[in-house]
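**Student:** Read off the chains here:
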Amino acid sequence: MHVIKNDTMPVKKALLIRLLSILAALVFVGILSMLLIKQNPFLIYEAMFDGIMLDTWTLLQSVSLLLIFGLAVIPAFQMKFWNLGANGQVLVGCLAAIACMKFIPVSHPEISNGLLITIMVCASIAASCIWSVIPAIFKAFFNTNETLFTLMMNYIALALVEYFVFKWDKGGFGSIGIVNLLNGQKGWFPAIADNQYLISIITALVLTVFMYIYIRYTKHGFEVQLVGESYNTAKYVGINIKVTIIRTLLLGGVICGILGALYAGSVSHTINTAVGGLGFTAILVAWLAGFNPFVMMFTSFFVVALDTGSKYVSTRFQLNSNDFASIVVGIIFFFVIGCEFFIRYQIRFNKKDRTSAERSAG
Amino acid sequence: MENKALELRNITKRFGTKVVANNNVSLSVYKNEILSLLGENGSGKTTLMNMISGIYFPDEGEILIDGKPVQITSPKVAYKYKIGMIHQHFKLVDTFTAAENIILGNREKYNMKAVNLRVKEIAEKYGFDIDPKKKIHEMSVSEKQTVEIIKVLYRGADILILDEPTAVLTPQEIDKLFSILRRMKDDGKAIIIITHKLNEVMAISDRVTILRKGEYIGTVKTADTNEKELTEMMVGKKVDLKIDRVYIEKKKPLLEIRNLTVKSDLGSQAVNDVNFYIRGGEILGVAGITGCGQKELCEAIAGLRPIESGAIIHEGESIVGLPTREIIKRGISMSFIPEDRLGMGLAPSFSMTDNMMLKTYREGKSPFVNRKDARSRAEQLIEKLDIVTPSTETPVRRLSGGNVQKILVGREIESGPNVIITAYPVRGLDINSSYQIYNILNEQKKNGVGILFVGEDLDVMLGLCDKIMVLCHGSVMGVVHASKTTKEEIGLMMTGSLDMSQEKEYGRAKDSNLSDEEWQKANMEAEG
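So the protein lines, in turn, are chains A and B. So for the first sequence, numbering that gives the first Met the number 0 puts the first residue at 0; every next one is plus one. So for the second sequence, numbering that gives the first Met the number 0 puts the first residue at 0; every next one is plus one.
Here chain B stands alone, though its shape is the one from the complex:
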């Protein structure tokens, strides 16, 4: 075909002497085409795209644009060749307006009125919803993404690269984004979209290029393939994509929360009058767009954040105001995987041994820490969860994300909790590791542990959880049975378009550990 917009030939990129991020990778994308770049985390997708956008420079191989070899030595050069990348983490100035962010870095004279007009023009052409004068910090995640996309279009990009654009969006927002992408494609743009969600690959792309561990595996036409085949190419072996939902007998509520209100760091209400309960042997999912109060909710239960009002009852006893140490002792385990994956729960430069004893080092009266015991526990965990590490004494920040997360989740489970609060436990993990984590959680569920699972991937939550609670701006929009709901319904609840919380006395267990009077008292105490 003569319309090849971009071609990569035999690209190799190494980091240091040992890591080969891309080995001999070739791909091409045509005008009027959407190409999916599929691969697990660590397969080299982002590295490859960074070489197209001028952030890295390939060690070997060449890049051709419109059939001519080029040297993309900096992002500026990439712009010159009309390449625009929309990064996974937005690079916007919060206190500037959309239009100001869009022209940022263009060192030419501008007239704000003309800029606003041009932005509106672009928005209308492709169907974006945007107010050029709105400040970034007032925007939702999907609006911010819109700004990023318009920014590259404004600069005249004809080749667009989107790095996991759907990870932060609701199902409805994803649909909208896809229709915009299709319009761009019809306009003659060449689009590369990075993702590891197969249903999206099937929905949006014309062709799929698959990478595995930095190696080029192949390119297939979307119409000629299916999800199963793509998974096999991506993982390298057959994978059963079904998540089992274990059913066990109902037990008494372990953790009951009523009228819980928690403030965010900035003083706004992050969690607003929330009611729910978790039974032993139950996985309760929490769905919601980023920043809807999941973090504050987890922190409040773990005793890391003071609450404004409400009651948190664990096995019939209030744990409000107890020190973190005491809450840990009572068997409530919290693991929160933040975006940078290392922020809370692990000490990155500590060895695995030291990380194993983070919560237990205080045990015993001796003034010294017991590393011997921690080391043997670390060794056991390595064996049990197939953790890949040079030794128990290697700083955990040198390990890959999947192994780091296995250490965190493994340590928490090893401590024998009765309530597990886990937020994004599979964030950034490859398929095999993810399934290992789901299996661990299911195992715990079978043992009667109550699990609060804060997740991102609705498909996974629908498969794994018993019930799903949907949060929007800190309020509960409803608690639905995972087996009776749909992704679309949850998506509508996430954005607040559908509110099912009024339908019945939600979130209050009939067989509560406390009587009504006791509840009143507990609530009063929290306020007093």
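This is chain A alone, in the form it adopts within the complex:
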């Protein structure tokens, strides 16, 4: 038996393998749930499905947020710049937006909501860009390792947020509460067609289309891919690698900034350290999608739905914690990611090996 590389798998067959792996994972989850929580697996599946269908708009909003997170890391990843700092970039953006939302209406009570929102978005983008461009500059000029650098920037962002939450928290609850809830909801993003979730969803869709075009059809996108492919070749055709790195990370920063503003103005109206929590899941989502923005719509949905569904299982069967949900998510991911092996490689069982071995033994 030996393993051989296979990079010519037809798309349909690859898709079939992925579907089969999900099916296998569900069967496995079913067996496990019978053993662990002594429940009929079909009831578990049903609970998962119910959980997913429970609140479609919230689900779609979560999918959108995760999708935007993923879109923010895609350009850097296409360049093989391993930006693990989307968490921190979104956090500082959100922090900046919240600060504007909290203090500008106090100092300038007459400010219009439109202007305030514009300022919030700009502040958020600026803060996120600073956070993403620092590691980019160090990478471009000193070739520092971006993985560790961006990771560490996350912790600085977390500490900053903790500090300001502590500072702004008047009641001692460890939280700053919903900002401007009783102050005319200043700085809150307007609902579109009476639907407060639509703004995140529309933003995500627009950014998805933009990112697809940017990477696939623009000169900038071409340069990004070429730098990711080989520094030597990029240099050879006269691309300024430093400029490309910084420009690409700035783009990521802009998207993180938009996301931070969305959290501040539309999703949570407050800030806590959990805001950037989806950043690492986003990396997974981007990889699963092969960095393709459109495919990422599906992988984001898949991840969010899975998470929502399994959490609901815990609720319905009155499990004390979300541990069962984590196990389910873990198993399904194991199967989904594991099946990539069977897509990229082929296993051949070679009967002739044995016969010739037997011949020589005999």
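Everything labelled a hint here was simulated from the structure, so no lab data went into it. Heads up, the beta-carbon is just placed ideally off N, CA and C, and yes, glycines get one too. One or more hints might be untrue.
What the hints assert, rightly or not - Okay, the calculated beta carbon distance ranges per label pair:
id, chain 1, residue 1, chain 2, residue 2, range
1, A, N271, B, S348, 34 to 44 angstroms
2, A, V205, B, Q379, 36 to 46 angstroms
3, B, E214, A, V205, 51 to 61 angstroms
4, A, E161, B, G330, 54 to 64 angstroms
5, B, Q519, A, F140, 32 to 42 angstroms
6, A, F341, B, E214, 29 to 39 angstroms
7, B, D174, A, V242, 48 to 58 angstroms
Please build the complex by placing chain B on the supplied structure of chain A, with the hints as guidance.
**Tutor:** For chain B alone, kept in the frame of chain A given last:
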């Protein structure tokens, strides 16, 4: 004969479902014999040898050693059967000494003194020159090869396989290697040597086994054959092995380089005070052993590497310090085929279309790339150079080496350059593709393009180039007329044993585009 050391019977090896690397191949090698394994690149020579040395396992067929069938399931088992392979790319630890590398992987107690002694013994027996205590990174390529050979001898190999051992050596080093191989043969060893250089096959081997596209073609006695017959067996049809040298009228110097000094990545002087010029309609060859500064020279001209001092004048204007983009725009094309063949000039996972527009995608004011235009250019190139590819959208890394190189060279020529710098453009290509590339270069020469040709195969350079510049440790040993020199002379210059650069004011064109004062100024500017 009863002395059959190794026999392969009907070996078949497939990769994936489509690629058949070896189909029903049989060969045998006797003690006291040197067998050449001849075939073009991609004919399955290395795959076959890898099955003998335990790296691959055959799908069908059997291997016999001393007449008994064996299963060589790993390199360790191969050692057990006294088979030793010397790979094309050395597998040595740079920071270890020769002796340390030699015992590496032998999991037994050792005494360094005894090891050194044993290494010396082996060296004396066969005529190697080696210092067991010398570190690998201080060694020349041929010394490293010596370590590899002694390594397998130390482990008691009786069957030696050498994969293209001469590709990296100078003519003198090749002679030395051959005399060592002959001594080993007289000592009772069975030797298989992989090569595609016919003159070497004729010089060293007793018999020749020929493969073509994975198929076994035949085995002949060297004494009963000639180069022409071997080529026909190897290629499958008659091939004219003559390279034409086109003569055209002398033109003004296009590219003039004086007192050029360039540093390597490690900070040592890679190119040292080099002077030369290329005229339009001239091919200037650059010969030298690996790492003598060819790469740095090419990169300096293309603007990819800053220079320390000196002047690079293109059509009368200095191009020192210009951005790469500007140098490309002025018509200087550089194509460097590195050992892995894909390192520079092409993006392996990009499609052919995308590779076609690597240098031109910036054209126009639109923020979008123009794939349509690139695609039609790709289609034209496919037609013109017989490039074999499923489509213009297939990633180039899936194509065979020859086709990849045709894309690179083709793209560069299509851009209409006036100076072509090309390093190893036929590296690893089969005979037909190589000749296609030579023809393309000759065509460009006829159009008045100046060509700098960095090559490995001295026979080819002697046939194709007008003049040959020989580099040794970054210094020019001389520029000789290809029609008036010999391989031996160039070989001596490559190792620095012969220095002809002092004989006259070399490398300075009498009809230079610049006056003496202007040259001085240009040199000053580069230093300031």
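**Student:** Which earlier hints can't be squared with this structure?
**Tutor:** none
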